[in-house]
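Trainee: Sequence:
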Amino acid sequence: MVGTQESRLVVVRGDSASRKSGAEPGFAVVLAYADGHPVGYAYGNRIEHGDRYWQRTAPEPAEEYTRRPAVALKEIGVRDEWRGTGTARRMHDAFLAARDESYVTLMVNPAAGDGKVHQLYQSWGYQDLGQSQPSPASPTLIVMIRSAR
Numbered sequence: 001m002v003g004t005q006e007s008r009l010v011v012v013r014g015d016s017a018s019r020k021s022g023a024e025p026g027f028a029v030v031l032a033y034a035d036g037h038p039v040g041y042a043y044g045n046r047i048e049h050g051d052r053y054w055q056r057t058a059p060e061p062a063e064e065y066t067r068r069p070a071v072a073l074k075e076i077g078v079r080d081e082w083r084g085t086g087t088a089r090r091m092h093d094a095f096l097a098a099r100d101e102s103y104v105t106l107m108v109n110p111a112a113g114d115g116k117v118h119q120l121y122q123s124w125g126y127q128d129l130g131q132s133q134p135s136p137a138s139p140t141l142i143v144m145i146r147s148a149r
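Using our numbering, read the sequence shown as starting at 1 and increasing by one per residue.
Please keep in mind that the hints were generated in silico from the structure rather than gathered at the bench.
From a predicted model like this one, the values you see are computed outputs, not experimental measurements.
It cannot be assumed that every hint is accurate.
Unchecked claim - Derived Cβ-Cβ restraints for the label pairs, each shown as a range:
hint, residue 1, residue 2, range
1, D35, D93, 18 to 24 Å
2, W124, V10, 17 to 23 Å
3, R8, R67, 15 to 21 Å
4, D114, R68, 33 to 39 Å
Think of the CB as a built atom: it goes at the ideal place given N, C-alpha and C, for glycine as much as any other residue.
Using the sequences plus the hints, can you model the full thing?
Mentor: Here it is, written out as structure tokens:
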């Protein structure tokens, strides 16, 4: 992480992390710390065949991706001063390290960072799968997927 600061990643699983999201099956969160202060987080959960996540994706994803549980990476956040340091990638990789699902999926706003966030996920091996609008008030998001291994 930045400079010579002491850094660590903590993985928390299950409902100890959040009342709402923690109730989701297979929920986990990764917290990144530097010198005892939080600098980032990533969280997600397992999704099954028929999950509303897949139902909102158009076109309908191939059964190859949906017939077995996948993991949906719901959000990655890094403090501004820690962006560009590899912190997000380390949290992503720590999140996936103990997962047993075959695929990981995420949604990205194509306008985020003027398209740079989408490009970042592509550089991590994600491919566009479709689009989703999780709620009427949200923008149309790009659904991306890659192997979880």
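Trainee: Taking the hints in turn, state whether each one holds.
Mentor: The hints, checked one at a time:
1. Checked against the given bound of 18 to 24 Å, the beta carbons of D35 and D93, roughly 22 Å apart, stay inside it.
2. In this structure, W124 and V10 meet the distance hint of 17 to 23 Å, their C-beta atoms being roughly 21 Å apart.
3. For the pair R8 and R67, the beta carbons lie near 37 Å from each other, so the given range of 15 to 21 Å is not met.
4. One distance hint, 33 to 39 Å for the beta-carbon pair D114 and R68, holds here, with the actual separation near 35 Å.
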